[in-house]
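Trainee: Residue numbers (our numbering), protein chains in the order written: chain G, 3 to 115; chain Z, 3 to 115; chain X, 3 to 115; chain L, 3 to 115.
Calculated directly from the structure, the hints in this document are not laboratory data.
A hint or two may mislead.
Which copy is meant is left open, so a pair is good if it fits within one copy or across any two.
[As the list claims (entries may be wrong)] Simulated crosslink set (SDA-like; lysine to any residue; CA at most 20 Å straight-line):
id, residue 1, residue 2
1, Lys49, Ala39
2, Lys19, Arg87
3, Lys17, Tyr83
4, Lys19, Leu31
5, Lys19, Asn71
On a predicted model such as this, the values are computed, not experimentally measured, just so you know.
Protein chains: 4
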Amino acid sequence: MDTAPLATRHCQPRKGKEHALDKDAIAALLPQLPGWALSADGDALVKDFRFEDFHRTLGFINAVGFMANREDHHPDLEAGYGHCRLRWSTHDVGGLSLNDFICAARVEALLDR
Amino acid sequence: MDTAPLATRHCQPRKGKEHALDKDAIAALLPQLPGWALSADGDALVKDFRFEDFHRTLGFINAVGFMANREDHHPDLEAGYGHCRLRWSTHDVGGLSLNDFICAARVEALLDR
Amino acid sequence: MDTAPLATRHCQPRKGKEHALDKDAIAALLPQLPGWALSADGDALVKDFRFEDFHRTLGFINAVGFMANREDHHPDLEAGYGHCRLRWSTHDVGGLSLNDFICAARVEALLDR
Amino acid sequence: MDTAPLATRHCQPRKGKEHALDKDAIAALLPQLPGWALSADGDALVKDFRFEDFHRTLGFINAVGFMANREDHHPDLEAGYGHCRLRWSTHDVGGLSLNDFICAARVEALLDR
Numbered sequence: 003m004d005t006a007p008l009a010t011r012h013c014q015p016r017k018g019k020e021h022a023l024d025k026d027a028i029a030a031l032l033p034q035l036p037g038w039a040l041s042a043d044g045d046a047l048v049k050d051f052r053f054e055d056f057h058r059t060l061g062f063i064n065a066v067g068f069m070a071n072r073e074d075h076h077p078d079l080e081a082g083y084g085h086c087r088l089r090w091s092t093h094d095v096g097g098l099s100l101n102d103f104i105c106a107a108r109v110e111a112l113l114d115r
Numbered sequence: 003m004d005t006a007p008l009a010t011r012h013c014q015p016r017k018g019k020e021h022a023l024d025k026d027a028i029a030a031l032l033p034q035l036p037g038w039a040l041s042a043d044g045d046a047l048v049k050d051f052r053f054e055d056f057h058r059t060l061g062f063i064n065a066v067g068f069m070a071n072r073e074d075h076h077p078d079l080e081a082g083y084g085h086c087r088l089r090w091s092t093h094d095v096g097g098l099s100l101n102d103f104i105c106a107a108r109v110e111a112l113l114d115r
Numbered sequence: 003m004d005t006a007p008l009a010t011r012h013c014q015p016r017k018g019k020e021h022a023l024d025k026d027a028i029a030a031l032l033p034q035l036p037g038w039a040l041s042a043d044g045d046a047l048v049k050d051f052r053f054e055d056f057h058r059t060l061g062f063i064n065a066v067g068f069m070a071n072r073e074d075h076h077p078d079l080e081a082g083y084g085h086c087r088l089r090w091s092t093h094d095v096g097g098l099s100l101n102d103f104i105c106a107a108r109v110e111a112l113l114d115r
Numbered sequence: 003m004d005t006a007p008l009a010t011r012h013c014q015p016r017k018g019k020e021h022a023l024d025k026d027a028i029a030a031l032l033p034q035l036p037g038w039a040l041s042a043d044g045d046a047l048v049k050d051f052r053f054e055d056f057h058r059t060l061g062f063i064n065a066v067g068f069m070a071n072r073e074d075h076h077p078d079l080e081a082g083y084g085h086c087r088l089r090w091s092t093h094d095v096g097g098l099s100l101n102d103f104i105c106a107a108r109v110e111a112l113l114d115r
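Isolated chain G, as found in the complex:
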C-alpha cells in the first residue's frame, strides 16, 4: 500500500465498484484532512472555506480548478462573496475513491501557510 502523503500523490483512473472505499478505509484516511467531513449520504468529502472578498474566492476557485484539470478529477462547488464549499466524489465508483482524498489533500496544500 502506498503510504506517501496524499498531497504528493496523483489521481488515477478509478472506475467500478471495486475502487469505492469502504467505511474502514474512509475512517483511516479522514483524519489526514483537517476540516473535511463526509456528506450526509456518505458519498462525498466536503469542506467550507472562507475568504476576505470575492477576488480571493475567485482566486481559490481558479487554483483548485487548475489542479482539478491536471488531475482530471473535478469537484462540485458552491460559492458566494466570501466563501466556497467544495465537494469531492467519484461518480464512476458511486461514492468515494482514493482520488477524492488526494484532491482534498491537494486543496489543503494550496492553503498551507
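Position chains Z, X and L relative to chain G; hints supplied.
Mentor: Just chains Z, X and L, lined up with the frame of chain G:
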C-alpha cells in the same frame, strides 16, 4: 423611469425595503431575460448554464466574477465540470432589486453570440 | 459597410492580405478606441491598463481571456502586479484586421463605468 | 542554513541589498530549477511554458497568481495563445533573493506530473 437596455445600466447602492421590486415590476422585467426564472421563494433570479468542459466553466465564472466585482454586486453560484448555476438576489432589500436584473442581463451579454 | 459600434460586433475568420487594413482605414477607426495606439511597427493595437493590485489585474486578464476565447481571437499580454499591456494583431493577415479593433472595443466595454 | 526543498518554503519579507543573492549562491540554487535561467542582466529568473490552448494558458496564470498572492511575491509575465513566460525578481533587493527561487520552485510543483 430609465428605459435603457438592462445590460447597459449599472448597479447602484440599493438598501432598504423600498428598493425591493414588487410582483408587477418583476413580471414586467423577467421577459427581458431569456432562460432566467424566479427561485421557489421568489427572492432570486436563477439560471443554469452548460459548458463543454471545466476550462470553459471556469472561464465563465471568471467573466461573471469580473463584472460582479465592477458592479459591486455578487451572485451565488453552484458549479461542476460542465455547468454553472447563477443566483442573483439583493440581501439588503430582502429580495430582488433592479441590480439583480441588470447583472443577469450583463451575464447574457457576455454570452451574446 | 457595417457601421454598428465596434463593441457590438463579432470577429470573423479573416485570413489573407486582403483583410489587412490600410493606413486610411486604421486612421478612421483608431479614434473610436481611446488610449489605444499603434505599435512602433504599425502591426498591432496596444494599450496599458493599471489596476490596484494583482487580484484585479488577474480579474481583468480573465475577463479579456473569456471574451478572446469566445471571439476566437487572442491577444498577447504583458502583466505585473498592477498593470497589464494588451496587444492585438492578426497573424493571418500580417498586420491589423477589423478583428483587432472589435476586440479592443470589447475590452473597453468591459471597463465601461 | 535551511535545507528544506525550495517548494516547501515560503517567502519572507526581504528588503535591502543584504538579501540579494551573490553569484555563488545563485549558481548553487539554479540547478534545483530545471529549465529556469538567468535573464541577460542577471537580475531575474525566467522560464517559458507551453500550453495546448488559451484556456490552459489562463489556467496556469491563475494558478501562479494564487500562489503569488499567498506568498505576497509577484512575477512579471508575458503570455499569448499557448505560452507564458514568467520572470521572478525582487525589486526591494535590486536583483534576486531567495524568494524568487522559492516561487520558481512552487511553479514547478504546480506542474509536477
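Trainee: Have a look at lysine 19 and asparagine 71 and pick one of within, between, both or neither, based on CA distance no larger than 20 Å.
Mentor: neither (24 Å within a copy, 39 Å between copies)
Trainee: I want to check one pair: lysine 19 and arginine 87. Are their C-alpha atoms no more than 20 Å apart within a copy, between two copies, both, or neither?
Mentor: Cα proximity of lysine 19 and arginine 87: none, with 26 Å in one copy and 30 Å across.
Trainee: Since the copies are identical, ignore which copy is meant and state whether lysine 19 and leucine 31 lie within 20 Å (CA to CA) inside a copy, between copies, both or neither.
Mentor: within (19 Å within a copy, 47 Å between copies)
Trainee: For lysine 17 and tyrosine 83, with the copy left unspecified, which applies at a CA distance of at most 20 Å: within, between, both, or neither?
Mentor: Cα proximity of lysine 17 and tyrosine 83: across copies only (17 Å, versus 35 Å in one copy).
Trainee: I want to check one pair: lysine 49 and alanine 39. Are their C-alpha atoms no more than 20 Å apart within a copy, between two copies, both, or neither?
Mentor: within (7 Å within a copy, 29 Å between copies)
In summary, the structure is inconsistent with hints 2, 5 from the numbered list given earlier, while agreeing with the others.
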